[in-house]
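There are 2 protein chains.
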Amino acid sequence: MCATKAEEYKPVLTKETINPLVLEAKYAVRGRIPSRADEIQSEIDSGEKSKWPFEKVIYCNIGNPQQLEQEPLTFYRQVCALVVYPKLLKDPHVGEIFPVDVRERAQYIIDHTPGGIGAYSKSQGLEFVRKDVADFIGKRDGFPCSARSIFLTQGASPGIQTIMNVFIRKPTDGCLVPTPQYPLYSGSLALYGGRRVPYFLDEKTGWSLSVAEMKRSLDSAKEFGIETRAIVVINPGNPTGACLTEQNILDILRFARREHLIVMADEVYQKNIYRKEEKPFISFRQVLLKNEAELKGLELVSFNSISKGFMGECGIRGGYFQMENVDEEVQQELVKLASLSLCPNLMGQVIVDLMVKPPAESEPSYELYQKESGDILRSLANRARRLSEMLDNLPCCSCQTIESSLYAFPQIFLPPKFIEEAQQKGIDPDEYYCLSLIEKQGLCIVPGSGFEQEKGTHHARITILPPENQFDAIISKFALHHEQMLKEYATPEWIDTIEKEKKRVKEEFTKK
Amino acid sequence: MCATKAEEYKPVLTKETINPLVLEAKYAVRGRIPSRADEIQSEIDSGEKSKWPFEKVIYCNIGNPQQLEQEPLTFYRQVCALVVYPKLLKDPHVGEIFPVDVRERAQYIIDHTPGGIGAYSKSQGLEFVRKDVADFIGKRDGFPCSARSIFLTQGASPGIQTIMNVFIRKPTDGCLVPTPQYPLYSGSLALYGGRRVPYFLDEKTGWSLSVAEMKRSLDSAKEFGIETRAIVVINPGNPTGACLTEQNILDILRFARREHLIVMADEVYQKNIYRKEEKPFISFRQVLLKNEAELKGLELVSFNSISKGFMGECGIRGGYFQMENVDEEVQQELVKLASLSLCPNLMGQVIVDLMVKPPAESEPSYELYQKESGDILRSLANRARRLSEMLDNLPCCSCQTIESSLYAFPQIFLPPKFIEEAQQKGIDPDEYYCLSLIEKQGLCIVPGSGFEQEKGTHHARITILPPENQFDAIISKFALHHEQMLKEYATPEWIDTIEKEKKRVKEEFTKK
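In order, the protein sequence lines correspond to chains Y and V. So the first sequence is numbered by our numbering: it starts at 1 and just counts up by one. So the second sequence is numbered by our numbering: it starts at 1 and just counts up by one.
Source of the hints: derived by calculation from the structure; they are not laboratory data. Be aware that one or more of the hints could be misleading.
Since the list can't tell identical chains apart, any single copy or any two copies may satisfy a pair.
Cross-link-like lysine to aspartate or glutamate pairs, in silico, EDC-like; alpha carbons within 16 Å at most [to be verified]:
| id | residue 1 | residue 2 |
| --- | --- | --- |
| 1 | K371 | E508 |
| 2 | K15 | D327 |
| 3 | K90 | D111 |
| 4 | K26 | E329 |
| 5 | K290 | D141 |
| 6 | K271 | E454 |
| 7 | K336 | E24 |
| 8 | K56 | E43 |
| 9 | K417 | E127 |
Quantities reported herein were computed from a predicted structural model and do not represent experimental measurements.
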């Protein structure tokens, strides 16, 4: 047999010959651990007698509420059904199925959507939706907002990436990003060829954020020739669950203006607030406009999404960003970039509208809407409290109070023997921990290394999203796995030392 | 009064300080002419006595069928209504409103969508949809297709951009792109920092495509240090409306393999075929697999969308790409890139599924589906014929037969005086022509300069989408404007010369 000519062909694209920036971008939330979880779930689904000691994988790796049995809000979906199939509005039974405000709202949306949801909208999004978003923001902040400053997007992520694409010109352009952070930031910065300039959040003091630390990081980047152009703040925090005070925000804005930085405020968890009295949500925009004289001209872009809050409409892909003080010509460039993708999907745009304009108190859908959204928020608050208490009470594990968002980000103290074993296998110790948790207990969480963390510490992100009737199981699965790990790898003396230190730190910072 | 400190603040982002690649990217289909059209329409809408000599702008600038009164297909939207609001399936009236196959299909989709359409799916898209797409492709081509080779996307554009992002590493990486072309290609190549390597389509012979011209262009790029890595083919053509033969496609594939290029086949108009007997649609994949021995290893990525065909579901944003011979590790990188945007919107994924799996002949929705889709296609074929004949019969205007897709791309012969006037205003002559057409007749079309064209020629792209009852008006608006332009700017002698040359070219190439 002789080799055929065809076999000599080498593909144009191999890992060695593609854009190296693509290789550099990482995204842990959908990385190795969730892939392993999917494999295991597939094996279980295949129906043969399973070798796994659990019936199904519980996914706590991603803020995907409806995957975990959270029901969509009735009002939203009723309106969507009519908007997607307008002929239904003319059906003789429609009045028996849909409340009058649902029908009126659907008709309003249809009337204001040229060509309906099957037609491309303007690149920046439907005008009436942008006006409604502007109204919502204006009322929330107490300062009027212009529809022109709003771009509708397919979730917050593409908006964040668009802004990065605009400000990153060269490999030495940097962006201050909190650590720990949501990996969209590190991944996208890598992909667009910019530099992440990390500032550390202080875990001991509830993941607080200090301008001194930002300044340290910025100066250190400068020494390496990095020109930092923007700062990302995630508030409420992901993965930390912390919520910033007004003074905090003002300090950051002052810092940004002093250092000539664009502020990117990721505020997608603004409705996920669990200790409203002590830690309400305050928007960056409000603090900026309250202090306009001092902060005049500072560029702020704020992001929001339909995927979080209590609606959790992740799969629909909708969101927006809003800009203050962004140059008019730059806005035109943003319109052009948006037009290259034609427009955000219209169903997402419609749900953005419903999010910012829920049923009014006088309308028939109000009561159900209040009940459904209230139940979800109360339950999330309850789960947040239970999960963080459980984690904080485990030996060699500590967890800050979850004030907001959808996650616990406990510190896990790993014994030297465990760390060594992980290192021998060439894997981050916390990834090794999470891998063992999925294989032994079927619980899928994300290692802290995927979010970046202070060197020598180990964490994991766990969503508070599994329904309450599964919560006991999750808590005991996690605790069992953790205790077995300690039993196998830690000496009683080591545990004792860690526990003493944990107690000491807690006492010191609670006193403060 | 003294200047306040705040006034000194210079924004971080100005046109001069943003990513220069963003500035370079252009997108004519939503550029200057449509913006002007929107302004004029707003003035008309504002209700004051209008200075414009028409009642509304007719948009023929973009393939957006539902904006121009094309109705969505009933079956698609019925299924979507139930999928978005599953409680409706349990309503006692549901059987009176929705045919049984619609209800069954919706239930099937709900059962196979973990968490419903409000949950993120896997980054590559829902598994059952990818399987259905694979089935459709396998049957279409007569060669089985694997679901693993399919990525669902939000329309074809983001898929095309993802592939560009992967193969462009540096400013000297090039991509062969037809001229004229759809401006997504030039715009995205500029944005990702690669080079467009243009090959010209031959207008006289019905926009035919020659490998010799591709080779000429490739070699010329090589001399300037450009490493061409990919070739884009748009078949059926946009903006040209031409459809490739099997021999044509085979020649291109052979050329690509010889020159070590990835083939990107933009096949979004595969259902828009108006002369099926002489010019059927043949997929690049089919020709590749038919000639596998010879073409072994050649990398092919094909794109499709729900926005075109007869459904025209532009606003929903759905599509897919399918790969042959793409390296396994590179596919993993594509999964990672997809995961950075989490997932394509689920409603778009659902409609992709309905597109590739329409009602079967035995099902109750079949008849209506056939009628609706057949009516649209017949009408499009009729409009294609009428528009190209009208344009070709105008003096100083010629138009090739529209075999497929949604556009006429006539050549417009502009008198020297007109060209001079445009140049004095610093504007492309065909853009000047389109601007005058919108201001005088309210007809919005896109200048050929937005699609790139052979130097010294002028064209415009006009969609065939306006409903038939508006078609007479469009035709007379265009003709009136064109003839007025000639009257104002051309001498009878010049017109005579052009007409003689037009006749000569036609005779020469019809004989062939």
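Evaluation of the provided hints:
Within a single copy, K371 and E508 get their C-alpha atoms no closer than 41 Å, and across copies no closer than 76 Å, so neither meets the 16 Å cut-off. Taking CA atoms no more than 16 Å apart as the test, K15 paired with D327 passes between copies only; the shortest distance there is 8 Å, against 40 Å inside one copy. Taking the shortest alpha-carbon separations for K90 and D111, only the intra-copy value of 15 Å comes in at or below 16 Å, while the best inter-copy value is 29 Å. For a Cα distance limit of 16 Å, the shortest separation of K26 from E329 across copies, 15 Å, qualifies, whereas the shortest one inside one copy, 33 Å, does not.
In this assembly of identical chains, the alpha carbons of K290 and D141 lie at most 16 Å apart only when taken from the same copy (9 Å versus 63 Å across copies). With identical chains, the CA atoms of K271 and E454 are never at most 16 Å apart, being 28 Å at best within one copy and 55 Å at best between copies. Taking the closest pair of Cα atoms, K336 and E24 come within 16 Å of each other only across two copies (11 Å); inside a single copy the shortest separation is 27 Å, beyond that limit. Within a single copy, K56 and E43 get their C-alpha atoms as close as 10 Å, which meets the 16 Å cut-off; across copies the closest is 60 Å, which misses it.
Proximity of K417 and E127 under a CA criterion of 16 Å is satisfied in neither setting, with 60 Å inside one chain copy and 41 Å between copies.
Comparing the model with each earlier hint shows violations of hints 1, 6, 9; every other hint is respected.
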